[in-house]
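**Q** So you can see what is in the structure, the chains are spelled out below.
There are 2 protein chains.
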Amino acid sequence: MINSLSQSRRRFLTTVGASALTIPTLTDVLGRPLQTEAGQPGRKLGVALVGLGYYSKNLLAPALQQTQHCRLAGIVTGTPAKAEEWKQKYNISQANVYDYKTFDRIIDNKDIDVVYVVLPNNMHREFVVRAAQAGKHVICEKPMAITVADCQAMIDACKKANRQLAIGYRLHYEPFTQEVMRLGQQKVFGPVKFIESSDGFRSGDPNQWRLKKAMAGGGPLMDVGIYAVQGARYVTGEEPISVTAQFSPKTDPQKFKEVEETMFWQFRFPSGAVSNSTTSYASGVERLYASCQDGWFELSPAFGYGPLKGRTSKGPIEKPVVNHQAAHMDGVCKDLIDGKKLPDHITGEEGLRDVRLLQAIYRAAETGRTIDLKA
Amino acid sequence: MINSLSQSRRRFLTTVGASALTIPTLTDVLGRPLQTEAGQPGRKLGVALVGLGYYSKNLLAPALQQTQHCRLAGIVTGTPAKAEEWKQKYNISQANVYDYKTFDRIIDNKDIDVVYVVLPNNMHREFVVRAAQAGKHVICEKPMAITVADCQAMIDACKKANRQLAIGYRLHYEPFTQEVMRLGQQKVFGPVKFIESSDGFRSGDPNQWRLKKAMAGGGPLMDVGIYAVQGARYVTGEEPISVTAQFSPKTDPQKFKEVEETMFWQFRFPSGAVSNSTTSYASGVERLYASCQDGWFELSPAFGYGPLKGRTSKGPIEKPVVNHQAAHMDGVCKDLIDGKKLPDHITGEEGLRDVRLLQAIYRAAETGRTIDLKA
Numbered sequence: 001m002i003n004s005l006s007q008s009r010r011r012f013l014t015t016v017g018a019s020a021l022t023i024p025t026l027t028d029v030l031g032r033p034l035q036t037e038a039g040q041p042g043r044k045l046g047v048a049l050v051g052l053g054y055y056s057k058n059l060l061a062p063a064l065q066q067t068q069h070c071r072l073a074g075i076v077t078g079t080p081a082k083a084e085e086w087k088q089k090y091n092i093s094q095a096n097v098y099d100y101k102t103f104d105r106i107i108d109n110k111d112i113d114v115v116y117v118v119l120p121n122n123m124h125r126e127f128v129v130r131a132a133q134a135g136k137h138v139i140c141e142k143p144m145a146i147t148v149a150d151c152q153a154m155i156d157a158c159k160k161a162n163r164q165l166a167i168g169y170r171l172h173y174e175p176f177t178q179e180v181m182r183l184g185q186q187k188v189f190g191p192v193k194f195i196e197s198s199d200g201f202r203s204g205d206p207n208q209w210r211l212k213k214a215m216a217g218g219g220p221l222m223d224v225g226i227y228a229v230q231g232a233r234y235v236t237g238e239e240p241i242s243v244t245a246q247f248s249p250k251t252d253p254q255k256f257k258e259v260e261e262t263m264f265w266q267f268r269f270p271s272g273a274v275s276n277s278t279t280s281y282a283s284g285v286e287r288l289y290a291s292c293q294d295g296w297f298e299l300s301p302a303f304g305y306g307p308l309k310g311r312t313s314k315g316p317i318e319k320p321v322v323n324h325q326a327a328h329m330d331g332v333c334k335d336l337i338d339g340k341k342l343p344d345h346i347t348g349e350e351g352l353r354d355v356r357l358l359q360a361i362y363r364a365a366e367t368g369r370t371i372d373l374k375a
Numbered sequence: 001m002i003n004s005l006s007q008s009r010r011r012f013l014t015t016v017g018a019s020a021l022t023i024p025t026l027t028d029v030l031g032r033p034l035q036t037e038a039g040q041p042g043r044k045l046g047v048a049l050v051g052l053g054y055y056s057k058n059l060l061a062p063a064l065q066q067t068q069h070c071r072l073a074g075i076v077t078g079t080p081a082k083a084e085e086w087k088q089k090y091n092i093s094q095a096n097v098y099d100y101k102t103f104d105r106i107i108d109n110k111d112i113d114v115v116y117v118v119l120p121n122n123m124h125r126e127f128v129v130r131a132a133q134a135g136k137h138v139i140c141e142k143p144m145a146i147t148v149a150d151c152q153a154m155i156d157a158c159k160k161a162n163r164q165l166a167i168g169y170r171l172h173y174e175p176f177t178q179e180v181m182r183l184g185q186q187k188v189f190g191p192v193k194f195i196e197s198s199d200g201f202r203s204g205d206p207n208q209w210r211l212k213k214a215m216a217g218g219g220p221l222m223d224v225g226i227y228a229v230q231g232a233r234y235v236t237g238e239e240p241i242s243v244t245a246q247f248s249p250k251t252d253p254q255k256f257k258e259v260e261e262t263m264f265w266q267f268r269f270p271s272g273a274v275s276n277s278t279t280s281y282a283s284g285v286e287r288l289y290a291s292c293q294d295g296w297f298e299l300s301p302a303f304g305y306g307p308l309k310g311r312t313s314k315g316p317i318e319k320p321v322v323n324h325q326a327a328h329m330d331g332v333c334k335d336l337i338d339g340k341k342l343p344d345h346i347t348g349e350e351g352l353r354d355v356r357l358l359q360a361i362y363r364a365a366e367t368g369r370t371i372d373l374k375a
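Protein chains in written order, with UniProt numbering: chain A, 1 to 375; chain B, 1 to 375.
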């Protein structure tokens, strides 16, 4: 376990004790000696979920019952009834329950190593910064934030606190997705020439925060279009150099008063590869297709919670089906336990790259211009 | 068999004879009595292929060995060696062989009922008009022509000659395609909301006529993009009301000096349905996907010579595999034999609608503007 800067000394003295000095010295990302749980090999990192909405309730909490390297240790919620329900269901002590005002006291809670921020997009910045300042490593749901400036502030706060920041990019730990990354980036079917990646679904409740621009930062592009952006990026292994984009006219202008209903965008990559993508809150679509010089490969479904399904011009992709959320949290926590720097493609830097692209897509659609991304 | 205006009387007197007067009177599209082959139930319409390139040689001629209502009766070619080869291979008499200069004499050839124009796009107009003036029904490969004015001239010429004009829309006779038309137009999964339809392939020979703008009228959009346009139209059963489009930068500017290499376009339909499409001579992609209110359906491959493959949110689409070209020519010729007006969606009017859309897509991409198609 890596502790917060402020807690590390105290924990070192009280929890790990002198015995830690006798084990091989691991170091943290800055090369400083790491207080590992080497003396407690079975110990799991304690995760606190901030925000107990659908994703926490139905995906993360159940996944945390399957994880090997972390466990559900705490919750942060503004709804007392939810706190009660979760305490009972997951056997969480009152000491590990916070609301949004008491949250900062988590600095003193040695049960909590990682804070997972699962709040509306516009609250990510505040709670990631507060979590880092409380000495916790942070996982933050995608999109990382609603502006590039927010992303940068979050990265800076974690750096300053010497904590690591992961974004909820669960698919980087998902075997079918890892396979298409390999097929594309290693040019197994030759260079990737064209990608069709789309993600959309029919959005229900017209009052949800995801339809409010101030909270979500945008519509389906921010929510699920980001997967299509990720898909084009991780299949090519490249950063797009320009983008064009189009808003589709709204068929339900009342529901989509503040955010786009459906939109399209096209990336150009340095290698010459191009992509065409759609995102929508009006239509279901979920596919990642890559046309290469000597063949093709496809995931469909490509971005949902699984199981994913894949095929190539040579036949089906066969991979184990995993719990995406468990694989993601275990992957992050294993690296934290081992004192490793998290892989770049799941960090805040990656989150910022995506948010920058999402903003460029909106700008391209608003202006009707090709936006140069090299600048 | 329906004869040309100029020939009908002669044929009536010499071929069918008085016996035709004793059978129930069928009428042609204008209500005039029809000279049927009722007395010769097994007779097949004679088809002459104009242009003996890849499609004629490898698809149409073999298909005409399987057809029930037509047969390969003549050829029109500028290459004497090809004429010899075909005469022998298909047992075609010298009297039924023409070159581009002697072609008009086909007016006197009672073996030939239908002329199928399989020439480069810019030659379609001339040979369709000449065929109609020679009293023949005409099938013309897609795209119908390279300008809307050409299409209109072709329609007018056939109308004036009282001949029918079909475009090479083979997929309208293909069972998987007919099924997705039904699923979409009859709203089997509820209204269609979004369509992703794309068609592209890696183009070979850099010297082929398809890369020359004067002959092809454009690049992959004219050649295969038209299938993606058709797909969006026949799944919705609607005509698009606006379009945006984008050229992708060329990765091989030498090869694609005259025409686009890859491009994208987005249609909006009156019902609110939208589509996003890609066509390319640089990348293989071939799919027609429809997202509906209560499910989805897909063909992939969707536009090639078959077999096509389809699935829906409820399971696979199971349909008989047919020879596309045989089904198409048989369907057209059966209607001609029966004196029926050809279905609107395979006529010159449909061809013109597509060419008008192709031109609008180019205009949208060139100007960066949304092109209003209602005007």
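None of these hints come from the bench; they were simulated from the model. Just so you know, these numbers come straight off a predicted model, no measurement behind them. It cannot be assumed that every hint is accurate.
As the list makes no split between identical chains, a pair holds if one copy fits it or if it spans any two.
Claimed, not checked - Here are the simulated DSSO-like cross-link-like pairs (lysine-lysine), alpha carbons at most 27 Å apart as the crow flies:
1. Lys160 / Lys314
2. Lys257 / Lys319
3. Lys187 / Lys250
4. Lys187 / Lys255
5. Lys319 / Lys309
6. Lys374 / Lys250
7. Lys257 / Lys374
8. Lys340 / Lys213
9. Lys257 / Lys82
**Q** Give a verdict on every hint.
**A** Now the hints, each set against the structure:
Taking the closest pair of Cα atoms, lysine 160 and lysine 314 never come within 27 Å of each other, the shortest separation being 49 Å inside a single copy and 53 Å across copies. Within a single copy, lysine 257 and lysine 319 get their C-alpha atoms no closer than 42 Å, and across copies no closer than 43 Å, so neither meets the 27 Å cut-off. Within a single copy, lysine 187 and lysine 250 get their C-alpha atoms only as close as 39 Å, which misses the 27 Å cut-off; across copies the closest is 21 Å, which meets it. When the C-alpha separation of lysine 187 and lysine 255 is checked against a cutoff of 27 Å, the pair qualifies only between copies, where the shortest distance is 24 Å, while the shortest distance within a copy is 43 Å.
Within a single copy, lysine 319 and lysine 309 get their C-alpha atoms as close as 9 Å, and across copies as close as 24 Å, so both meet the 27 Å cut-off. Taking the shortest alpha-carbon separations for lysine 374 and lysine 250, only the inter-copy value of 18 Å comes in at or below 27 Å, while the best intra-copy value is 31 Å. Taking the shortest Cα distances, lysine 257 and lysine 374 sit within 27 Å of each other only across copies (26 Å), while inside one copy they are farther apart (32 Å). In this homomeric assembly, lysine 340 and lysine 213 never come within 27 Å of each other (Cα to Cα): the closest approach is 37 Å inside a single copy and 57 Å across copies.
Taking identical chains as interchangeable, the C-alpha atoms of lysine 257 and lysine 82 are never at most 27 Å apart, the minima being 31 Å within one chain and 64 Å between chains.
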